[in-house]
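Listed in order, the protein sequences are those of chains A and B. Taking the working numbering, the leading residue of the first sequence gets 1, the next gets one more, and so forth. Taking the working numbering, the leading residue of the second sequence gets 329, the next gets one more, and so forth.
Please note that a few of the clues may not be correct.
[Stated by the list, open to error] Simulated crosslink set (EDC-like; lysine to aspartate or glutamate; CA at most 20 Å straight-line):
#, chain 1, residue 1, chain 2, residue 2
1, A, K313, B, E476
2, B, K339, B, E353
3, B, K454, B, E476
4, A, K54, B, E353
5, A, K58, B, E476
Note that these hints are calculated values from the structure, not bench results. Remember, it's a predicted structure, so these values are computed and weren't measured experimentally.
Here is how the chains run, residue by residue.
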Amino acid sequence: MSTVAANAPGAAGGGLSDVAASEASLRRFLHGLPGVDAVGLEARAATLGTRSIKTSAKAYAIDLAISMIDLTTLEGADTVGKVRALCTKGKHPDPGDPGTPQVAAICVYPDMVATAKAALAGTRIQVASVATAFPAGRASLPVKLADTADAVAAGADEIDMVIDRGAFLSGRYMDVFAEIVAVKQACVRADGTAAHLKVIFETGELQTYDNVRRASWLAMLAGADFIKTSTGKVAVNATPPVTLLMLEAVRDFRAQTGVQIGVKPAGGIKTTKDAMKYLVMVNETLGDDWLSGHWFRFGASSLLNDLLMQRQKLTTGRYSGPDYVTVD
Amino acid sequence: MSDVIRLDVMKTYKLFVGGKFPRSESGRVYEVSDSKGQWLANAPLGTRKDTRDAVLAARAAVKGWAGTTAYNRGQVLYRIAEMLQGRREQFAAEVAAAEGIGAKKAAALVDQAIDRWVWYAGWTDKVAQIAGGANPVAGPYFNLSVPEPTGVVGVVAPQAGYGHSFLGLVSVIAPVIATGNTVVVAAATDAPLPALSLGEVLATSDLPGGVVNLLSGRTADIAPTLASHQDVNALDLTGAIAHEGPGAAIALEASAADTLKRVLRPAVDPAAQDWTVAPGTERLLSFLETKTVWHPMGQ
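For reference, chain A alone in the conformation it holds in the complex (with noise of 0.2 Å):
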């Protein structure tokens, strides 16, 4: 079923593409998506958080979301050596079993993208790099698009922006979606290529469930290539009930456009029992296509470490600890 409301422009014709026209237009549509069913929305990913999986689905699982993370190191105190590390672990996960698949990407401040693209030279780890003055995304436009071009020329893969909340929640749409365009063209490269852009919306600073439908519509009118939950720098990061209507929003948008935008959710997810959650989720909403990473990621750290266990456990039989895998 479609959230678009039958009298959203472009709705009848197809296409979306007089939408971001003029502010007006912009807000007529963003306030004409249904309204979210908190209650239906929450007990939904309740109930799909209870499935049970088991041996070799497991198995399959764990492999899954290990090849779906984005390895995140972002801290004030990241050093040249630490990204070095974290790249290494995203190469050998765990160094003791072979088998075990490469993360998704490795994502870091724009300043380490150089260092983190050297270190992963001949593999096909994706280098993802947060840009436009991440976290708080406080900075004009020009500091932005300089943060976000510096990136790109250092190398990066991926660009994960942050809006501008202030914005979006004054109700200035047309500002975001002019910014997000602006960055998106900033993620070309001289070559004519372009990063991959990722939205991060703070949905922990969104208030509401319905500023966060909203958000994600704006995002893929906008050209975002993946919209993703928060930084993992504030309170609330990703829940089950956001990522849920993120990814309805993202099967919504496929129904009309035949565009598909990947999804991700980041921050807070530390066990791979959240992560199995998560995995239901996606296949229960948007089914195979999106079973990837190249449609699908997991901000994460502390995530690998307990997939880690997790596989050592499957594999030898005995449980594991943290003295088996990495300090980060």
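With chain A held as given, fit chain B onto it using these hints.
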């Protein structure tokens, strides 16, 4: 009007993990009967997953508990003895039912168990004197050996011997936590009720959650999980089953060897053990690691 029949409120025995009282993850229970075969209560059937959860809780508690001062640990252990004193009758009844002994003997066993807590409480700030020391070296250095806790200790509680159900249980738990370790206990399969009630006492003393975790269930499920778990640092096999099988002491010791755990072997004849005998320091000194530091002496 005055002859209103009152129904007794039955107690639901639960596990004690991480300072909380969860039911078994399996949702299953098993029947516990007294020495004559009469049904006493249902005890939760702890599983391998419950054991894993307990080890997680115990690991999380290591840092805080090992980091407290020895003096403070002694106070907490003494507080446990205080709390036990107030529930003396309940434990006496449970011990009498579990071991098939008279009320007087059972009460005496509980009193001894309380005294043993106090005895071990006194040891907390003295163990460093007998297990550590200042070593004479040929140079201008202080050379100090300091005993430190091993970490997470898996304990198979005694299943036989006079006083095993409570005095024996206390005698294996108290020395382990006195030195700053945390513990996961597989309670005696046939007599788990005093152990599960002990959890209620520990929860109301000042012991941080996760320092002691009590599991009831089949020893053959819990003990091998503890022995093979890579995040358990040491194993006390006091109550391991003597005969062949997955719960047997030899099999557990072999499995513990994979991760080089410290192992305390069971008595040659566990059934002949008398827990009222004064314990000595063996258990206290079994789960310690010696750290030696060199420090320049200065002038």
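Outcome of the hint check:
For the suggested pair A:K313 and B:E476, the alpha carbons sit about 29 Å apart, so the restraint of at most 20 Å is broken. Proximity of B:K339 to B:E353 is assessed by CA-CA distance (about 19 Å); at most 20 Å being required, the pair is judged to hold. At roughly 13 Å between alpha-carbon atoms, B:K454 and B:E476 fall within 20 Å of each other, so this suggested pair holds. For a cut-off of 20 Å, the pair hint linking A:K54 to B:E353 stands: about 15 Å separates their Cα positions.
Between A:K58 and B:E476 the CA atoms are separated by roughly 39 Å; this puts the pair beyond 20 Å, and the hint is violated.
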